[in-house]
Structure formats: structure tokens, C-alpha cells
Amino acid sequence: MTAVLTGRVRLRGVTRRYGTRTALDGVDLDLGPGVTGLLGRNGAGKTTLMRCLATDLDATGGEVRLLGLDPSRAAERTDIRRRLGYLPQNPDFYPYFTAFALLDYMAVLKELGGRRARHDEVRRVLLQVGLYDRRHSRVRRLSGGMRQRLALASALMGDPALLLLDEPTVGLDPEQRIRFRNLVSRLAVESTVVLSTHQIEDVAALCGQIVCLDRGRVVFDGPPGALLARARGRVWEGPGDPGTGLTSWRLPDGRHRVLTPEAASAPGAGFVPVEPTLEDAYLLLVGLSGESEAAR
Amino acid sequence: MRRTATFARLTLFNMLRLLRGPFLLPGTALFMAYFGWAGPFPGQSVDTWYADLTSAGLLIAAIGFGAVTPSAVREARHPVVSTTPLGRTGRVLALALAAVPLLWAVLGGLAAWLWLTAGPLPPAGIVNPYALPVPFLVAAAGPFGAMLLVLWTRSYLPLVMLALCLPLYLVYNGILLSERLNSAVSRASTALQQAVSPFPDFSVSLAGVGVYSLVYTSLALAALVALVVGARHRVRRVLIASAVTAAVLASGAVGVAVHGNRTVWPDAAGRPRTYGDDEIHGVDGPWPCREIEGVDYCPLPGYDSWVPSWHATLSPVLEELPGRARANAPVVWQDASWFSRAFEVSGPAVVVSDYMDPSLQPWQSYLYATFARKTLGMSAGAPSPHGMDDCRGTGQARSAAVVWVVDRVVSSHIPHDRFMRTDAVATAMTDMAPSPADLALGREIVAVPPDRVRAVLEEHWEEISSGRMDTLELAALLDVRVPADQTRIAGAPEWDSVFSDMNAGMYETWNPSLPLCPVSP
Chain P
1 MTAVLTGRVR
11 LRGVTRRYGT
21 RTALDGVDLD
31 LGPGVTGLLG
41 RNGAGKTTLM
51 RCLATDLDAT
61 GGEVRLLGLD
71 PSRAAERTDI
81 RRRLGYLPQN
91 PDFYPYFTAF
101 ALLDYMAVLK
111 ELGGRRARHD
121 EVRRVLLQVG
131 LYDRRHSRVR
141 RLSGGMRQRL
151 ALASALMGDP
161 ALLLLDEPTV
171 GLDPEQRIRF
181 RNLVSRLAVE
191 STVVLSTHQI
201 EDVAALCGQI
211 VCLDRGRVVF
221 DGPPGALLAR
231 ARGRVWEGPG
241 DPGTGLTSWR
251 LPDGRHRVLT
261 PEAASAPGAG
271 FVPVEPTLED
281 AYLLLVGLSG
291 ESEAAR
Chain Y
1 MRRTATFARL
11 TLFNMLRLLR
21 GPFLLPGTAL
31 FMAYFGWAGP
41 FPGQSVDTWY
51 ADLTSAGLLI
61 AAIGFGAVTP
71 SAVREARHPV
81 VSTTPLGRTG
91 RVLALALAAV
101 PLLWAVLGGL
111 AAWLWLTAGP
121 LPPAGIVNPY
131 ALPVPFLVAA
141 AGPFGAMLLV
151 LWTRSYLPLV
161 MLALCLPLYL
171 VYNGILLSER
181 LNSAVSRAST
191 ALQQAVSPFP
201 DFSVSLAGVG
211 VYSLVYTSLA
221 LAALVALVVG
231 ARHRVRRVLI
241 ASAVTAAVLA
251 SGAVGVAVHG
261 NRTVWPDAAG
271 RPRTYGDDEI
281 HGVDGPWPCR
291 EIEGVDYCPL
301 PGYDSWVPSW
311 HATLSPVLEE
321 LPGRARANAP
331 VVWQDASWFS
341 RAFEVSGPAV
351 VVSDYMDPSL
361 QPWQSYLYAT
371 FARKTLGMSA
381 GAPSPHGMDD
391 CRGTGQARSA
401 AVVWVVDRVV
411 SSHIPHDRFM
421 RTDAVATAMT
431 DMAPSPADLA
441 LGREIVAVPP
451 DRVRAVLEEH
461 WEEISSGRMD
471 TLELAALLDV
481 RVPADQTRIA
491 GAPEWDSVFS
501 DMNAGMYETW
511 NPSLPLCPVS
521 P
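In order, the protein sequence lines correspond to chains P and Y.
Okay, so the first sequence: first residue is 1 according to the numbering used here, each after it adds one.
Okay, so the second sequence: first residue is 1 according to the numbering used here, each after it adds one.
Rather than coming from a laboratory, the hints here were simulated on the basis of the structure.
All residues carry an ideal CB built from backbone N, CA and C; glycine is no exception.
Be careful, since some hints might not be right.
Unchecked claim - DEER-style ranges, computed between Cβ atoms:
#, chain 1, residue 1, chain 2, residue 2, range
1, Y, Leu-30, P, Asp-70, 49 to 59 Å
2, Y, Cys-165, P, Asp-70, 42 to 52 Å
3, Y, Thr-153, P, Gly-113, 27 to 37 Å
4, Y, Thr-153, P, Ser-143, 28 to 38 Å
5, P, Gly-233, Y, Ser-155, 50 to 60 Å
6, Y, Val-160, P, Pro-252, 48 to 58 Å
7, Y, Trp-152, P, Glu-262, 52 to 62 Å
8, Y, Ser-155, P, Asp-173, 30 to 40 Å
9, Y, Pro-79, P, Val-170, 14 to 24 Å
10, Y, Pro-79, P, Arg-138, 12 to 22 Å
11, Y, Arg-3, P, Arg-232, 47 to 57 Å
As the list claims (entries may be wrong) - Derived coverage of chain P by chain Y (criterion: at least 3 residues anywhere in the stretch with Cβ under 8 Å from a Cβ of chain Y; other residues may be distant):
#, stretch
12, 50–57
13, 78–84
14, 107–115
So that you can see chain P by itself, here it is in the shape it has in the complex (with noise of 0.2 Å):
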């Protein structure tokens, strides 16, 4: 079994529908050890990409492997889960639990063993997330970004093979959020991590991988080098809004960064190529499947 357990998604012409409405619409995808990023518009599809991968929702067609499991069939869903850690966007947690009661109940529940076990896993992943000195804290008395952290604790126990993280960093501050990308980024060496973003930096930091969605399709499935490899020479800087429909916005000093659909001369007069971030590269893929999509 645990051969099988090592840590690999796989999915074909996966979709998944809510009435008339397509949220995932044959999706393909490999994932191995790693971290990949997962993003895309609101609505694009990733909640719902990410209750699948985590057997909270069953696809409506097509075929999920998850470890080398079948999540479909009660059994091996069950095997999967004791190998996944799910940190669900905006996880509501029991109010009246401390935080060290909430991730012992989360133990139990993960099949974490006994008392002793359970309580030194706790321990350890609170130390972790730096929340070993609020353990006796009530989770009401949390903030928000501890809050956070208690989720992501929680998703961490038991050193998952397939950690599922949707909007992690939400409410974390920037000290928090580098300590996140270094553990996440440790974990990775072993474990497939799918991280669910808006934060493009965190992906930038973080991420092999990057798959971006877009109407429920996969529009993009590659390393970010690729990703950045498309926007080259569609990215310009120069003074004035050029106007006319193109994406841009004022920069500090007062000139403007303008992004092309094409690869083609400059958008106006004074405006020279630079090199793109992955920020650039993402609002071209997301901003043409869009316009690809309206024009269909």
C-alpha cells in the first residue's frame, strides 16, 4: 500500500457540474512531489478543483486518482484521507475549543493513535505555526491570521502525502507568510502540496508547477518559467496611458506598464519591453483565454 501512497495526483476529463452549471469542465492534470500553484479568476473553478482533490466532492465525470487511489470507492477514499491534509478557505472552527483541543479533536479524527502520539503531533505542529504559546487560547480569542495558522496546523498533521491549501495565506502577516512558504517548501520534498491562490508572490516563492484555470478549464498546466516564457516582449514600459483597451496601470514614478496581447511593436511612443513577472504573465494568460472565451 504504501507504494502506492507516495504522492501523485492524477486526473483525466474531470467535471464536475452544480445543476446547469459546468464548475469543472475536462480537466487534465499530473501532479507529483511539489509544490504547484493553482490559480485563477473568482469563479474560475479552484474551490471546487480543490473539494475534489480533497474527496469532499465527487467528480460528475471523468477519473480521479489521488495517490494512487480511487476516491469514487468508499474504501480507498477512506485510505486517501488518512494520507491528506485539506485546509479549506475560510475553514469556521468550533469557537468554544482551545486551540490545542481543536487539532487534538483534528487528531482523532486523522487516526493519529493514542493519547501520548496525538498530543506530541499537536504539539509539534503548533510549534510550527508559532501558536504553541496561544495553545490554551480559546479559538475565539484568536485573530484572524492565528486563526489561520490553526488551519494550517491542522492540515499539517500528520505529515501528509497530498496537502491540499486553499487561500493559506489570507490574514497572515509578512514575517508569517515567509514562515509559511519555508515549511510549505520543506514539505514539499516529499509531498505533492496544491496551494490555491490570488497571491502571485506566494506562487512565485513557492511553486514548480503551475496550473491556471479559467471557466473550469485548465488553460495553463506548466512551470512558471513557461508561463513567463509567453509574456515576453508583451510587456512594455513607457510615459503616458496608452489607452485603446490595453492593460495598464500607473507605476510609483509616474510611467505606465502596459501589457499587449501580442508580441508586437512597442503600444506607443517612449514604451521599451521589459522583462515580465509572473504577475504580467498571469493577467495576459487569464485577460486572452477571457477575451478568447467572449469571443467565441
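Start from chain P and add chain Y according to the hints.
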């Protein structure tokens, strides 16, 4: 196996949380204080013990309801862990089941305490073992009820409602409320009682009733558990399966209740059901009677230990009468307070029940008067355990004799309590529909020297006990002046006149339509 271990660990986790919660231990302490204050009564029977246990089962169910509610809210409103190996059904059941052993421990402790402190051990009566689990199943319904209501409402509303309704019910029992509210609370209370025990004549002794009750309660609880499993479940097939299962189980429970009420309880003629001794658990035939000093005592099965106390109460009556009166002594027949015992005695009988505590003066007086009346032949004929052979002794000398005997026995206990003695005399007469002459003689005879009355009774016992001697003849023998009117039943003014030292309107003839006691040849 691994999931079973997880389920057990989660149950233990929840159990420890419940013990630390704000409801279970304080609620149990209050509950125990209530029972410590209210009981137990010395000399309890197994039926009163079981009645206490049933009430306790309901109260403990309420405690369990309150104790589980916060954790149920946790599951209903903060389900953060939807992707753990143990699914929602396991989590919900582990929570409800965590409370059950705790509640059962409290109820079991209370049962043992009530049993051990009830008086001489073992308490009188026979326990049907099939009835024993019923209060425990009722107690278990509390946590499951809380789970169900909280899962549906996703709020503390059920607990708020319980917190409002429970005091209202207690106030209803103790204080008069407005008629409308009173009626509503009464209906709700009746509905609850019907839901918990839809069977009449419930006794822990009866064999069939215990089995019916156990099956009914088990099915009802299983239906509740099925509803809990499916409550607001995301998976439609689980929702449907649990609803269908609950419907089948609930139909079974209703079917058992209906079947029991239609076929077991009423007798063939539609009269109130009576139970033979062989319908008591483990009893094959009529329970044997026991004779002490010429008096036959027929206790309910398992109540033999009570016979000496009845004899101690009633034998002084015979000691005041001529020795040959023992031949006329009625059978002392015990009826149950929780059901009607089939009457198997021919001839006059005095019926005692477990609520007639012989140590209490009103019951003493009642038993003295009834026993004396029957010994003096005041019986309408067809024997019945329920007073149907009562008759009036208007104008008969034996009415005054009964009054004299009652006063003699009462005054031996409380010679200086004039009020109680007069009350015993007057109360004894209310059952005999006295004439003005009877009233006057009954009041005066207690002042006649006892030896003189005793001598008259000795000499004229046959005439008096047969009813052939009338009141005026006895008055003449005792030199007591009474009104000549001995055929008419005395009215309220005559009662007030004779008992002018008592409150006006306090006494009157209880049942003037009774037949006149027949006169023996």
C-alpha cells in the same frame, strides 16, 4: 478495525469534553439534590421504585439533551473536518453515544441508591427484568434528541426551548397558571407521557406490559437514531435511507403501541382490564394467602413482607370486639395502585393498596372503619375489590358499633388529640349514611364507659352484627338519649349540629344512594 478504534477514541474524547462541559455535572448535581430532597420513601415497593426510576429517566434525558447540545452545535455549524477518515455519521453517533454511558451511570447509581435506601430489603414486589432497560432507553433519547434537533436547526434554539419549557412544567405542577396556559402545558405533558409510555396500567411487575414497553421504547429510540444519522446529510441516498428506516421503525413502534392497547389491555367485554396473579412476571398461579390469628391476608405476589404491618394495623379492631367476631373478619386483599388485580375472593374483603401507608392517621382510620364495617357484616353482597359491596347502615345499631371501635383504636394511639379522634369518628360515619339517631348515638357512644359497650356487644353480638338490632334499641341498652328519627338519612344541618365543635360543612353523607345493608336472618 482502525475505524472502530477511531470511533472509540472519538467517543472517549467527547465523553471527557462532556464531563468538563457546563451541563452534565451541574445538572447531575441538581438532579441528585432533588431526589435526595424528595425521596426515597421508607417502605417503597418495586413499583414506586420503578416509577421514580422512570421519572428520573426523563429528567436525565433532559440533562443529556442540554449536555450534548453545545457539541452538537459544533458538528452542525462548524463542520470543518469533512475529509477525515471517520465520516459525519461516525462523528455524530460518537458524540451522542459518548453521553449515553455517563447518563446511564447516573441513572444506575440513582436506581441502586433508591433501592438500597427504600427500607427493608428487598423492596416488596416482583421486578420484570424486561421492564428494567426502559428508563435507560428513555434517558438515552435525550442526547439523540438534541443531536437531531440541533442538526436541523443548527442553533441553540432547542436548548432554549427546553430551558423555557422545563420550568414551565414544574411551575404548572406547583402553581396555578392561567386556564389557557394550564391547558396547553397539560396537553404537552400528556403528549410527552404518551410518547414515553403509551400503555395504560404500567407496572414493573407485569410480564406482558414490560415486554411491550421494551419493544416500543427500543423501536422508538432506533427510529430517533436513524433520523440523527440522516439529518441534513449531504448525500441524498443516506438521507432517503435514514428517512425510510426511521419511518419503518416508527411505524413498528406505533404498531406495538396500538396492538398493545387493543389486544392486551382491555378485556373482552370492554371493561377496565384486571390482571390475574399469573400475569405477574414469574408467577404461575394465584399467589397464596396467609392467615394470621383468624384473618386471611392475600398480598400481591412479592408483597408478603407487608402482611405483618397490615396485621399490626388491623388486629386492634378485632381485639375490641367479642372473640367470635373473628369468624366474620373479612379477607384483607391487596390491590395494586398501578393496575387492577383480578378479584379472587368470595365473601367480604378489605382492600389495601401500597399507597395506603398504615403509619398515616387518615389511612389508619379508613382501614379501621372499613375492617370494622365488614366484620360487623356491613356488606351489600357481591364482593368486589373496588368498594362495590359497600352499603349504608342507616338506622342499624352496627353503625354506632363501628364508630365505637374506630374511636377505641384511634384513641389508643392518640388519646389526647381530641380533634383527630372526632375527625376519625365523623369520617367513619360519612361512609354509612347515618340517620339523625345514628349521628347522635355515634357521637355519644364514645363517651360511654368502654366496658359497658363491650358487655353489650358481647351479649348482643349476633343481633348487632346481623343488622337485626336497630339504633334506638342499642341507645336504650346504653342509656343514651337520641332522636327517634332513625330511618331518614341525616342532612347537612344535622351533621353540623352534632359536630358543632368542628368546622361547618366539613362532614356529610358520602354516598346516600348506597343500598341499605342487608339484615341477616
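Evaluated hints:
no. : hint                               : in the structure
1   : Y:Leu-30 to P:Asp-70: 49 to 59 Å   : holds, 53 Å
2   : Y:Cys-165 to P:Asp-70: 42 to 52 Å  : holds, 50 Å
3   : Y:Thr-153 to P:Gly-113: 27 to 37 Å : holds, 36 Å
4   : Y:Thr-153 to P:Ser-143: 28 to 38 Å : holds, 30 Å
5   : P:Gly-233 to Y:Ser-155: 50 to 60 Å : holds, 59 Å
6   : Y:Val-160 to P:Pro-252: 48 to 58 Å : holds, 56 Å
7   : Y:Trp-152 to P:Glu-262: 52 to 62 Å : holds, 58 Å
8   : Y:Ser-155 to P:Asp-173: 30 to 40 Å : holds, 35 Å
9   : Y:Pro-79 to P:Val-170: 14 to 24 Å  : holds, 20 Å
10  : Y:Pro-79 to P:Arg-138: 12 to 22 Å  : holds, 19 Å
11  : Y:Arg-3 to P:Arg-232: 47 to 57 Å   : holds, 53 Å
12  : 50–57                              : holds (count 3)
13  : 78–84                              : holds (count 4)
14  : 107–115                            : holds (count 5)
In terms of the numbered hints stated before, the structure departs from none.
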